[in-house]
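My request is simple: use the sequences and hints to build the entire structure.
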Amino acid sequence: MSLAACAGSSADYPSLAIRDSERSEGTFGSPEPKRLDIPPVEVDLTGGLDARLASLVADARNAHEAFEETRPRAEELVAAASGTRLGSDRWAAAQVALAELDSARSRAAVPLGDLDAIYTAARVGADDITAIESARDEVIALVRIEDAVLADLRGRVE
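When we follow numbering that gives the first Met the number 0, the leftmost residue of the sequence shown carries the number 0, and every step to the right adds one.
Take these hints with a grain of salt, some might be off.
[Stated by the list, open to error] Pair ranges (Cβ atoms, derived):
{"hint": "1", "residue 1": "87", "residue 2": "61", "range": "30 to 36 Å"}
{"hint": "2", "residue 1": "60", "residue 2": "98", "range": "18 to 24 Å"}
{"hint": "3", "residue 1": "106", "residue 2": "32", "range": "40 to 46 Å"}
{"hint": "4", "residue 1": "87", "residue 2": "151", "range": "17 to 23 Å"}
{"hint": "5", "residue 1": "29", "residue 2": "108", "range": "43 to 49 Å"}
{"hint": "6", "residue 1": "46", "residue 2": "133", "range": "16 to 22 Å"}
{"hint": "7", "residue 1": "34", "residue 2": "143", "range": "37 to 43 Å"}
{"hint": "8", "residue 1": "60", "residue 2": "128", "range": "17 to 23 Å"}
{"hint": "9", "residue 1": "139", "residue 2": "31", "range": "39 to 45 Å"}
{"hint": "10", "residue 1": "75", "residue 2": "112", "range": "28 to 34 Å"}
{"hint": "11", "residue 1": "119", "residue 2": "155", "range": "32 to 38 Å"}
Honestly, the hints are just simulated from the structure, not real lab data.
Heads up, the beta-carbon is just placed ideally off N, CA and C, and yes, glycines get one too.
As structure tokens, then:
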């Protein structure tokens, strides 16, 4: 009896033959690698690289001098505002002085952005970056000094 169950009509069951959708045709290969379209980094090198680097460093130094000229007044107003309540006249005066100092700091960051663009273009182009790194490091040092001063003064008024 158990064998009789296996001998039923084949029309009741699906065929185990390979279907058309299961057939593989053609060959499988790896797809073409996609090329990255990296646009060239455009930098302003008017007058040559050395002249541009010198100009950017000079701009950063001038901005740092403006920062240092603004700093004593900001320190004075922050000292006067220490311990006062939030929103007081002294606190507000200190906030305005800090904003002026922050503005002077941002003027040093602009040449740093240009130096970063030049640095990136040189690295991508596998050019010599020694002079660029030197100029960039100098400007980064100035900006770090300014960041530290701002962080210290902000910490005193909050």
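Do the hints match the structure? See the list:
1. The hinted range of 30 to 36 Å is satisfied by residue 87 and residue 61, whose Cβ atoms lie roughly 34 Å apart.
2. For the pair residue 60 and residue 98, the supplied restraint of 18 to 24 Å holds, since their beta-carbon distance comes to about 22 Å.
3. As the Cβ distance of residue 106 to residue 32 is approximately 45 Å, the hint placing it in 40 to 46 Å holds.
4. Residue 87 and residue 151 have their C-beta atoms about 21 Å apart, which keeps the hinted 17 to 23 Å range intact.
5. With their beta carbons about 46 Å apart, residue 29 and residue 108 fall inside the hinted range of 43 to 49 Å.
6. For the hinted restraint 16 to 22 Å between residue 46 and residue 133, the CB-CB distance of approximately 18 Å keeps it satisfied.
7. Remark: the range hint 37 to 43 Å for residue 34 to residue 143 is upheld by a beta-carbon distance near 39 Å.
8. Separation of residue 60 from residue 128 is about 21 Å and conforms to the stated range, judged on CB atoms against 17 to 23 Å.
9. For the pair residue 139 and residue 31, the supplied restraint of 39 to 45 Å holds, since their beta-carbon distance comes to about 42 Å.
10. Checked against the given bound of 28 to 34 Å, the beta carbons of residue 75 and residue 112, roughly 31 Å apart, stay inside it.
11. Look at residue 119 against residue 155: about 37 Å separates their beta carbons, and that is inside 32 to 38 Å.
When held up to the earlier numbered hints, the structure conflicts with none and fits them all.
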